[in-house]
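Top to bottom, those sequences are chains A and B. Quick note on our numbering: the first sequence kicks off at -4 and runs consecutively. Quick note on our numbering: the second sequence kicks off at 55 and runs consecutively.
Take the hints with a grain of salt, since some may be wrong.
Unchecked claim - Straight-line Cα separation of at most 16 Å, EDC-like style, residue types lysine to aspartate or glutamate; simulated pairs:
no.	chain 1	residue 1	chain 2	residue 2
1	A	K499	A	E486
2	A	K285	B	E196
3	B	K99	A	E760
4	A	K868	A	E760
5	A	K285	B	E135
6	B	K99	A	E1005
7	B	K99	B	E66
Derived from the structure by calculation, the hints contain no laboratory data. On a predicted model such as this, the values are computed, not experimentally measured, just so you know.
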Amino acid sequence: MAAAQPNRLQHGGRIDRSRPLAFSLDGKAYTGFAGDTLASALIANGVALVGRSFKLRRPRGIVGGGAEEPNAIMQVGEGAKTQPNLPATQIELQQDLVAHTTRGWPSVGFDIGAISDFFGRILGAGFYYKTFMFPRSFWNYYERAIRLSTGFGEAPASPDPDAYEHMNAHCDVLVAGGGPAGLIAALVAARSGARVILADDGNEFGGSLLAGADAIDGAPAMDWVAGVVAELREIPDCVLLPRGAVLGYHDHDFLTLAERCVADPRGPGDATRRDIRPRARERLWRIRAKRVILAQGSFERPLAFCNNDRPGVMLASAVSTYIHRYAVLPGRHAVVFTNNDSAYRTALDLAGAGVKVAAIVDSRAGGGGALAAQARVVGIPVLQGRVISDVTGKNRVRGVSIAEWSGDSWENVTSTVRIDCDLLAVSGGWSPAVHLHAQAGGRLDWDESQLCFRPAHASEKQRQSHDSAGAGNGRQSLNECLTDGLRAGTEAVAKLGLEPAAIKAPAASSAGEAPIEALWRVPAERDADRCPKQFIDLQNDTTVADIRLAVREGYRNVEHVKRYTALGFGTDQGKLGNINGMAVLAAALGKTIAEVGTTTFRPVYTPVSFGTVAGESVGGLYDPVRKTALHESHEAAGAPMEVVGQWHRPWYFPRAGEDLHAAVARECLAVRNSVGAMDASTLGKIDARGPDVVKFLERIYTHNVGRMKLGRCAYGIMLGEDGMVMDDGVMARLGENHFYLTTTTGGAANALNWLELWLQTEWPELEVYLTSLTEQFSTIAVAGPNSRGLLEKLGCDIPLDRDSFPFLTVREAVLAGMPASLFRVSFSGELAFEINIASHFALDMWRKVLDAGREFAIAPYGTESMHVLRAEKGFIIVGQDTDGSVTPVDLGMNWLLSREKDFLGKRSLGRPDCLRKDRRQLVGLLSFDQRTVLPEGTQLIEKTGRTTPVPMCGHVTSSYHSACLDHPIALALVAGGRARKGDTLFAALPGSEPVPVQVVSPVFYDPKGERQNV
Amino acid sequence: MSEPAPHRHGLEAFFATAESTPDARVEIGVLSNRGFLNVRLDPRKQQNVRTAEQVLGQAMPLVANTYTSGRHRVYWLGPDEWLVETGAGDAATLGGELTAVLAGSGAAINDVSGGQVALRIAGADARTVLAKGCTLDLHPREFGPGQCARTGLARATLLLAAADAAPSYTIIVGRSFADYLCRWLAHAARPHGACFSTR
């Protein structure tokens, strides 16, 4: 099949020629080899065009060899597993891989050139803001058209079948980057006994060594890499994470890392198979490291010259990568353009692979160092003091114009000659990958000799726990990188208090280099905005002219210019063009690059899929489902569940053919007329005891806790410091210094925290212990006139009659053979008992209650009926009838407020605002028409009419149809409501006429409370 | 009184249906018939500790995040809070004895047997599975037998203890979270192969 790959070299590369892989791009079939990336396989097949640009629709080709690739952005896979926004340079080729270009509507090959030429004039910097602003209402249409015509890939339309997972890890030393510096740093750390994690976003360790023909200690450098990796694999506390991209460096040396768990970008392919253990597609590592060594290498910069975006213009280092690592030739007739020595190596690589290198164009008048001499020896023409002034060819480079150059204006550009070529390898110098260093808060220094931002050394005061090493630390030669990596690893283990292992720095050959010289933009014949485009950011089509225009329009700050020109946005986050853009900006502002500075480096370093972020927390594991001990029985009974916080509570218990309303009506009538049973286990329960417990509870609750007799229960409320009702519940006095408190379901955790807050921080002198018993006890409420008979039938070892066991008392008992606490409390207004029983017996108790209740036609009832029953009695629910702005006085609970003691919130109740006569107060409402159930939240108004604004005097907080009263009831908060009983108000309903309602007492049923007291 | 009701942990249905895979590298088990006491007392009053230890028949851990083993397991939960793990049938008696001997000391003993579920996670990949949802460093050097911690696993709060170097871990979790936690553990253990046990 190799014949089908015209640009494949016969020998070399880290590919497996025995494993050909068929794949397709935009429906066209190709073949590559195992070990290829999609990008290298496309180059092997002579595919030059991989997309069209964002704004200007210009044809684009592969530029880079890694994470910096701006153009070859692919949609990979099909159906639910499709993934957008993957750079072809990082997609490991697979058999039957289906890829699509994402940036080529209507198609990559079809050139709507007229459009691009026309729009090229108006799509300058800030074109979004200028062109599409008016009329404003048209923006939606504009944006849709822009998105469609550029395309950034598509999200899958159906759920992802693959699994993703999270992994927490701790280590002594995290090494980010597995090139020469990272490898030796990890080796010294691991040999010294440190727990090491070594991560690299590539599928193989080696970094820059994968792309060259370097030697270490006289042998091929990759042999050294293999030796180090093999040794690290054998060390138990060393974790190697190839395909692991460190995404973010967060506070306190917490780092996130995305690992592609399988080589195939389409996922493991076994998500639905039951015969094998499913692997995760991607894994998010959450790493806490004691020391971090950042060795992520550096990115080569392109150069800015006219038509520098033509397919076939590539980074010099990428060209070397394709030759050495993948054995493919990106061109046959090459020109190299550089302002530094590293590109000479690429020229030599090209020549060595049999490519005719027509010229090395070096902008430096003095030319290069030792490598330049080698180039001359092999017969490559070296043109010093010259630049590429323009590129010809549209879908592929066909030639370049070379000019002499002696200064930064067109007058200094002379003697232009044209040379034919199909590949232009460029190098504008190297930018250390300082992203993580900057995210960690590290400063950057501008290095004027190497023309790059490099990590600043931490001052003593900073005491940062991260260090940079190798090319990412501004080191250039392989020797320097190895030495620097060894230093960083040694220092890291020394700072951990370990004895650093003695390792001799491996030696690599190095050539004497001539220094880089600045060339941020090649001068052009006309102004930057009139000459052929000189691109800075290829992904966003940001040009030199755009940046200059932004400055002319008044932008000064680099962050503003970024947002106005889109420089540095997109999937590559400006890894290629940012520094060049800042240099152009600095020149336009008449400042130095150091003065202009960089934009902020933020996580994430490379794109990460949503699945990875979500991890296991999807579907049924999205949030915990808290189940009561009776859950199984409720499910078997077919009860729909209501989600209350994380609890799942039975909502109602429908019988065949019943809907919610029918079931609730039946359940409510059963409670009123015979007996019902409810699972109230989710109520918060707190055991409070200690010598000072009375003193403590007196301060928390509003009523006179100390006056409660042993065995008595009382309804209590607690207020915030602002005097507003915070939580409520029944409490029981079990002993002299022993109370049992209950709270609302939703407020259980908050209430306990509130009590502990006061106990631990304000009144630590009080001897009180609080223990949550929410999980320990299940609560079965048995309510209705026949509840006593039911308990007697179950078999109870204590007398249950009114005099022996009166309302609002608690008794320990053996019920149905099981120990239980019985509370004579009622949330329905009926004679009722709440059975508190250890949760491991609760299911049996519940079944016995329902069994014994059969002769009373007992109805299990859910949360909905509970709401109706309590509303008929005017009992509030904190959080439904209150909203954090309601005082007990507003609720008519003055009787609960002790005058004899202080309690939290008491003073606030005396504030003028709390004494206003027109505060909203709890009332009941009746619809005059006897049938309208007002929607909860309905606003109440004084009168009908169309004059606006309409003053609102209250709102409905609870509203139900009452089966036992056979009409709707509602609770509401109404301004000055208690004094307005009998008044008529109107409920404002959307889409219909206001409904007249009468203000009444909030107690609709049994106002004297006789039924619960029998 | 009729015969005593069975002691239900609520995971009967989960473990009845969970499918074990061959060559499992993780074992997920529920420990049946465990009893638990929550003990609050002021250890600055040394007499309190000595009194409790006499009834327990073993030392109370006073070092943070450790537990002692003997007739019972006694876990340190806080500077003045412990959890005693014992047999389901023994909790009530033991709680009564402790309450009696510590009367007047301000101590609070609560039987919380109904509110806790004890799980056992063991096997070659147990630590890896736990690390998917727990932010603690579970390396044996940092968290070995004798150590425990109240921590989070997935989205549940629980007590995690290193039971032995096998490795095996004990998880004691509020019963309302137990079903969620077991479903999460089973999911997280899928790539490693899981077997399920009740004992």
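Results of checking the hints against the structure:
A C-alpha spacing of about 15 Å is found between K499/A and E486/A, which places the hinted pair at or below 16 Å, so the restraint holds. A C-alpha spacing of about 14 Å is found between K285/A and E196/B, which places the hinted pair at or below 16 Å, so the restraint holds. Distance check on the hinted pair: K99/B and E760/A sit about 15 Å apart at the alpha-carbon level, within 16 Å; holds. Of the supplied pair hints, the one linking K868/A and E760/A is violated, its CA atoms being roughly 41 Å apart against a limit of 16 Å.
A C-alpha spacing of about 31 Å is found between K285/A and E135/B, which places the hinted pair above 16 Å, so the restraint is violated. Proposed proximity of K99/B and E1005/A is contradicted: the alpha carbons are some 51 Å apart, above 16 Å. The suggested pairing of K99/B with E66/B is violated, with an alpha-carbon distance near 43 Å, which exceeds 16 Å.
Of the numbered hints given earlier, the model fails hints 4, 5, 6 and 7; all others are met.
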